[in-house]
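Visitor: Residues per chain are reported as follows:
Protein chains: 2
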Amino acid sequence: MSDKIYRVNMATMGFSVEDVPAEWAGLGGRGLTSIIVAEEVDPECHPLGPNNKLVFAPGLLSGTSAANSGRNSCGAKSPLTGGIKESNVGGTSAGIMAKLGVKALIIEGLPKDDSTFYHLHVSKEKVEFFAVPELVGKNNYEVLDYMLEKYSKKVAVMSIGTPGEMRMNLANISVKDPGGKLRSHGRGGLGAVMGSKKIKCITVDAESYKETTIADPEKFKEASKIFTKALQENPISGQGLPAFGTNVLVNILNEAGGLPTRNFRSGSWEHAENICGETMAENIKARGGKTTHGCHAGCVIQCSQVYNGPEGEYITSGFEYETIWAYGANMGIEDLDLIARIDGLMDDLGVDAIETGVVFGLAVDAGILAYGDGKRAYELIANDIAKGTPLGRILGGGTHVLGKLYGLVRVPTVKGQSIPAYDPRAVKGQGVTYATSTMGADHTAGYAVATNILNSGGHVDPLKKEGQIELARNLQIATAAVDSTGMCIFVAFPALDDPACLPALVDMINARFGINLTGDDVTNLGIKILKAEHAFNLKAGLTSADDRLPEFMKYEVLPPHNVVWDFTGAELDSFWDF
Amino acid sequence: MSDKIYRVNMATMGFSVEDVPAEWAGLGGRGLTSIIVAEEVDPECHPLGPNNKLVFAPGLLSGTSAANSGRNSCGAKSPLTGGIKESNVGGTSAGIMAKLGVKALIIEGLPKDDSTFYHLHVSKEKVEFFAVPELVGKNNYEVLDYMLEKYSKKVAVMSIGTPGEMRMNLANISVKDPGGKLRSHGRGGLGAVMGSKKIKCITVDAESYKETTIADPEKFKEASKIFTKALQENPISGQGLPAFGTNVLVNILNEAGGLPTRNFRSGSWEHAENICGETMAENIKARGGKTTHGCHAGCVIQCSQVYNGPEGEYITSGFEYETIWAYGANMGIEDLDLIARIDGLMDDLGVDAIETGVVFGLAVDAGILAYGDGKRAYELIANDIAKGTPLGRILGGGTHVLGKLYGLVRVPTVKGQSIPAYDPRAVKGQGVTYATSTMGADHTAGYAVATNILNSGGHVDPLKKEGQIELARNLQIATAAVDSTGMCIFVAFPALDDPACLPALVDMINARFGINLTGDDVTNLGIKILKAEHAFNLKAGLTSADDRLPEFMKYEVLPPHNVVWDFTGAELDSFWDF
Chain E
0 MSDKIYRVNM
10 ATMGFSVEDV
20 PAEWAGLGGR
30 GLTSIIVAEE
40 VDPECHPLGP
50 NNKLVFAPGL
60 LSGTSAANSG
70 RNSCGAKSPL
80 TGGIKESNVG
90 GTSAGIMAKL
100 GVKALIIEGL
110 PKDDSTFYHL
120 HVSKEKVEFF
130 AVPELVGKNN
140 YEVLDYMLEK
150 YSKKVAVMSI
160 GTPGEMRMNL
170 ANISVKDPGG
180 KLRSHGRGGL
190 GAVMGSKKIK
200 CITVDAESYK
210 ETTIADPEKF
220 KEASKIFTKA
230 LQENPISGQG
240 LPAFGTNVLV
250 NILNEAGGLP
260 TRNFRSGSWE
270 HAENICGETM
280 AENIKARGGK
290 TTHGCHAGCV
300 IQCSQVYNGP
310 EGEYITSGFE
320 YETIWAYGAN
330 MGIEDLDLIA
340 RIDGLMDDLG
350 VDAIETGVVF
360 GLAVDAGILA
370 YGDGKRAYEL
380 IANDIAKGTP
390 LGRILGGGTH
400 VLGKLYGLVR
410 VPTVKGQSIP
420 AYDPRAVKGQ
430 GVTYATSTMG
440 ADHTAGYAVA
450 TNILNSGGHV
460 DPLKKEGQIE
470 LARNLQIATA
480 AVDSTGMCIF
490 VAFPALDDPA
500 CLPALVDMIN
510 ARFGINLTGD
520 DVTNLGIKIL
530 KAEHAFNLKA
540 GLTSADDRLP
550 EFMKYEVLPP
560 HNVVWDFTGA
570 ELDSFWDF
Chain G
0 MSDKIYRVNM
10 ATMGFSVEDV
20 PAEWAGLGGR
30 GLTSIIVAEE
40 VDPECHPLGP
50 NNKLVFAPGL
60 LSGTSAANSG
70 RNSCGAKSPL
80 TGGIKESNVG
90 GTSAGIMAKL
100 GVKALIIEGL
110 PKDDSTFYHL
120 HVSKEKVEFF
130 AVPELVGKNN
140 YEVLDYMLEK
150 YSKKVAVMSI
160 GTPGEMRMNL
170 ANISVKDPGG
180 KLRSHGRGGL
190 GAVMGSKKIK
200 CITVDAESYK
210 ETTIADPEKF
220 KEASKIFTKA
230 LQENPISGQG
240 LPAFGTNVLV
250 NILNEAGGLP
260 TRNFRSGSWE
270 HAENICGETM
280 AENIKARGGK
290 TTHGCHAGCV
300 IQCSQVYNGP
310 EGEYITSGFE
320 YETIWAYGAN
330 MGIEDLDLIA
340 RIDGLMDDLG
350 VDAIETGVVF
360 GLAVDAGILA
370 YGDGKRAYEL
380 IANDIAKGTP
390 LGRILGGGTH
400 VLGKLYGLVR
410 VPTVKGQSIP
420 AYDPRAVKGQ
430 GVTYATSTMG
440 ADHTAGYAVA
450 TNILNSGGHV
460 DPLKKEGQIE
470 LARNLQIATA
480 AVDSTGMCIF
490 VAFPALDDPA
500 CLPALVDMIN
510 ARFGINLTGD
520 DVTNLGIKIL
530 KAEHAFNLKA
540 GLTSADDRLP
550 EFMKYEVLPP
560 HNVVWDFTGA
570 ELDSFWDF
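Those sequence lines, one after another, are chains E and G.
0 is the number of the first residue of the first sequence in numbering that gives the first Met the number 0; add one for each residue after it.
0 is the number of the first residue of the second sequence in numbering that gives the first Met the number 0; add one for each residue after it.
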């Protein structure tokens, strides 16, 4: 069965299964979602109105046995940034969609009867629509249980919690992972777009698919072996990440003076020890959790984990550095277990860990709670955000809107999206990515931390301006391409340092489709994607003035290096000279 | 004494009194505030941060005996729109500043000690600074009493209430009028900018000034006579406005099908009779109020009024159509007395009547209150907005942000500012002004209602697109110039219909300064101002995508004419072809 475009119209509750247009054939993941959004969505439309579209697309290698190829992309016009958004996720949806032959799922329109929510079930050449009033007001784990009961343990499930129903800017789309836990299409409020279309849940049938066809199985196998070896032998993807998860970064960033602390007032935190990856790994080992865990089938990095409480009870999995930083250093919670409970709660509700965490850092400035009061943060999520009280609506709007409502100046956002866990004044290459990314502040869009701090792909001094624009540009181009393959972003580490890695990735794509891409083709794909996204944003009303970090970072000195953000507008604008 | 620029630095609590640069000499009012903001404020700065400036400038004819010349302009980068803002006001401040020789008052920086608020007293070549902890948390009438006690009944007073202290987007700067009541620098959150600078109140000494010098008193007197006659003989400025105030418009717009009703769902309201100007005038007459009242000395139109309650008790003055429409047709309150009490409350707090009223229309869609529940609206202003509860913060952020927080699509704003009392689908010329104005949706920026509905300056069919771009352009250019003279916008009616009016206005300016402007010079001044404002906005990050009405107006039909907003982007963009 050849791949098809599944197109759903919520206004008519109808669908069509279409041949893949020739110009979309070589695209997958982010490349496909961004090109579809750029071609089909009016950039001036309201993100929650009838003219936005929600697009899912597995990566080019998803559904194959290639290591770490299980990422699914979701795209739309973002209600948070007002620009284009792509967010990719692990879990089981990419593999199942790819094997079913769903090249992309495009969801259009708003239902005429918006008095309830709907469940969409995608199976072979078919989409079914069910009103699910019984699931309205429920959160993700309850929806997941319901669907696993209705279908099978293998069905792919994408759902929203109450924040998505309420169309909050920090709402995610949550995706079932192989262990029955949840991963997230995070950032940019994609859950709000799904909520605006009154879709509570999408399931994808895992029974009717067949294995993905490989044009040249021998070549694929060989390239796959080289690629897997590169991942396993790299010290970061092969050792650091498996041992401590992404939380390996707390100590590293703290030492580098780039760990944003107390809403970006310092680059180091005196209590980092309490929340660092080493402490986390000790807890896991002592309490019978798992230090390694894959977010999708075929992952050889296993940076995820299962984190249990003191009594050995399950608390959360996929416990990431960004979350631990946001509630730890940035909001002052010293109790890692409490942060873990917040993490699990956020999974259940489907709210973005970075946006929610950073909003709490700013909420301290707004007088809503005190530094370190994790109990109150937990309650605000469980009672206010989940139920949409006025305070919950405020927090649910994200950091930028909170700043607007409380007249605050020290608001760490770019294009309305919260800045993640690396202070751009002390990790300047990352700052260039935050400023220029088409996605708003986003560490994954071009992870310059790799070369600024981790010495992957050489070294560019994090405190100096020299070389940062070029570094961020090259990484963003490469990332846009990698995000199209279905590969996890952490393949970047071997790709930057092992000359065999990228060619093997290209060989796998060639073997899968029987084509002959070169490394340059892949670079050009990344360029094409970035330019399409940028053009969409310009038409949507974003300008170079949006490619800026918050003004306070230009005049407020960050200890311990006592640095400011010193790129000029013209320097940042030169990012787009390619 | 020649005019001077008074420049205040809140960071140093210092000031300078500077000669007027030659290139600013011919400017006043909006022309001066906008040129100063465009020249001195970084368009990318945070509106509430240290690099925004708050500028006051009386009009070119303020301080003279010219009829209706008592408008004072205030400018800054707006925290509501993110673009430039000018807002002019009646009251006594323009005349007093002009007579004191204050060409402009420029306030820069943020105080180092921001633990309290300050009072600035401007007198002859001097600015004094007083910490006023005793006024923190007080509203405008209490501040006014305090200052009238400290100085004299004649002192000019500009102040903010608690919403300004809290830097809410709907905060105004309030100004004492000749009757001891309040007028407002409304729209765009200028009160929040004043609050960010920790200024509770500015007073301007009314004792040390001398009369404004007139270069050619005879010529001035003669031109003034012609100008006054034109104002008095025009049927709108001479009869309609004095008889019914601006509220004469309720019945007119209702009949025209352009009275936005229930958050812009219809163009006519079945209860318009209860709130119209005729009903208002009857109440005033029966209860011993005043149907005519000038907002500033020298006003010959007298469209303001004093509105008393059933027992003859004072409720409010300056009770405008926009307010009555917003709480009436748009939010469903049928009780004019209750709307009047809300109006008086809004004066005391210093919140924008349009932004606050429109936010309540949308708040119904958000489920915060019900149509017609004026009692609840009153309480939400008095208890929540005034005290900054979470719900008060939400409402205080304005309509655009409320829409963001509740995921609403039918949000009537342009550039984040609420659309006023004329539905653009049924008054298309006004819609062009809303879309293209540098100020965000603003009826005063180019009042096409005049020619679309009131047949002033000819007639352009309100329901057709033909001629509207040109109409809105010509009106916006003329308005930018008029806003520089210190003249009230209602001089537009005789100016459009009486060929003697505009030349007399130009003659007064020439006689005042001993110069020889022509009508073309005045048009060119308007063009210069608009272009400077537009250039600032583009640098601040606004684009043609911001020159658009809300998308829902393109697909949602407005009864009774069953019209949509049908201008293309390219048509709107052609507005700037001059």
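Calculated from the structure, these hints are not laboratory results.
Take the hints with a grain of salt, since some may be wrong.
Straight-line alpha carbon distances no greater than 20 Å define the calculated PhoX-like cross-link-like pairs of lysine-lysine that follow [claimed, not checked]:
1. G/209 - G/125
2. E/538 - G/538
3. E/111 - G/209
4. E/220 - E/209
5. E/553 - G/538
6. E/123 - E/220
7. E/386 - E/374
8. G/553 - E/538
9. E/553 - G/111
10. E/98 - E/3
11. E/98 - E/153
12. E/149 - E/123
13. G/209 - G/153
14. E/125 - E/98
15. G/98 - G/209
Label pairs and their calculated CB-CB ranges [what the hints assert, rightly or not]:
16. E/556 - G/526: 42 to 52 Å
17. E/8 - G/567: 44 to 54 Å
18. E/554 - G/21: 47 to 57 Å
19. E/18 - G/554: 27 to 37 Å
Footprint (simulated), chain E over chain G, 3 or more residues, beta carbon under 8 Å [to be verified]:
20. 32–46
21. 190–200
22. 388–396
23. 430–437
24. 514–526
25. 549–561
Quantities reported herein were computed from a predicted structural model and do not represent experimental measurements.
For glycine and all other residues, C-beta sits at the position ideal for the given N, C-alpha and C.
Visitor: Run every hint past the structure and note whether it holds.
Guide: So, going through the hints one by one against the coordinates:
1. Of the supplied pair hints, the one linking residue 209 of chain G and residue 125 of chain G holds, its CA atoms being roughly 16 Å apart against a limit of 20 Å.
2. This hinted pair checks out: residue 538 of chain E and residue 538 of chain G have alpha carbons roughly 16 Å apart, not beyond 20 Å.
3. Between residue 111 of chain E and residue 209 of chain G, the direct Cα distance comes to roughly 68 Å. Violation of the 20 Å bound is thereby established for this hinted pair.
4. Of the supplied pair hints, the one linking residue 220 of chain E and residue 209 of chain E holds, its CA atoms being roughly 19 Å apart against a limit of 20 Å.
5. Restraint check for residue 553 of chain E and residue 538 of chain G: satisfied, since their Cα atoms lie roughly 18 Å apart, inside the 20 Å limit.
6. A distance of roughly 28 Å separates the Cα atoms of residue 123 of chain E and residue 220 of chain E; the hinted pair therefore is violated under the 20 Å criterion.
7. Using a Cα cut-off of 20 Å, the hinted pair residue 386 of chain E and residue 374 of chain E holds, with the two alpha carbons roughly 17 Å apart.
8. A C-alpha spacing of about 18 Å is found between residue 553 of chain G and residue 538 of chain E, which places the hinted pair at or below 20 Å, so the restraint holds.
9. A hinted pair counts as satisfied when its Cα atoms are at most 20 Å apart, and residue 553 of chain E with residue 111 of chain G qualifies at roughly 18 Å.
10. Under the criterion of a C-alpha separation no larger than 20 Å, the hint pairing residue 98 of chain E with residue 3 of chain E is consistent with the structure, at around 11 Å.
11. A C-alpha spacing of about 13 Å is found between residue 98 of chain E and residue 153 of chain E, which places the hinted pair at or below 20 Å, so the restraint holds.
12. Under the criterion of a C-alpha separation no larger than 20 Å, the hint pairing residue 149 of chain E with residue 123 of chain E is consistent with the structure, at around 17 Å.
13. Among the hinted pairs, residue 209 of chain G with residue 153 of chain G is consistent with the structure: their alpha-carbon atoms are about 14 Å apart, no more than 20 Å.
14. Among the hinted pairs, residue 125 of chain E with residue 98 of chain E is consistent with the structure: their alpha-carbon atoms are about 15 Å apart, no more than 20 Å.
15. In summary, the hint linking residue 98 of chain G to residue 209 of chain G is supported, as the alpha carbons are separated by about 6 Å, within the 20 Å threshold.
16. As the Cβ distance of residue 556 of chain E to residue 526 of chain G is approximately 44 Å, the hint placing it in 42 to 52 Å holds.
17. For residue 8 of chain E and residue 567 of chain G, the hinted distance range of 44 to 54 Å is not satisfied, since their beta carbons lie about 25 Å from each other.
18. A C-beta distance of roughly 32 Å is found between residue 554 of chain E and residue 21 of chain G, which places it outside the suggested range of 47 to 57 Å.
19. Checked against the given bound of 27 to 37 Å, the beta carbons of residue 18 of chain E and residue 554 of chain G, roughly 30 Å apart, stay inside it.
20. Note: the stretch 32–46 of chain G has 4 residues with beta-carbon separation from chain E under 8 Å; the three-residue rule is met and the coverage holds.
21. For the stretch 190–200 of chain G, the stated coverage by chain E holds: 3 residues have a C-beta nearer than 8 Å to a C-beta of that chain, and at least 3 were required.
22. Here the stretch 388–396 of chain G counts 7 residues with a CB under 8 Å from a CB of chain E, which clears the bar of 3, and the coverage holds.
23. Only when three residues or more bring their CB closer than 8 Å to a CB of chain E does the claim for the stretch 430–437 of chain G stand; here the count is 0, and the claim is violated.
24. Interface restraint, the stretch 514–526 of chain G with chain E: violated (0 residues with C-beta to C-beta distance below 8 Å; minimum three).
25. Coverage of the stretch 549–561 of chain G by chain E holds in this model, with 4 residues showing a Cβ closer than 8 Å to a Cβ of that chain against a need of three.
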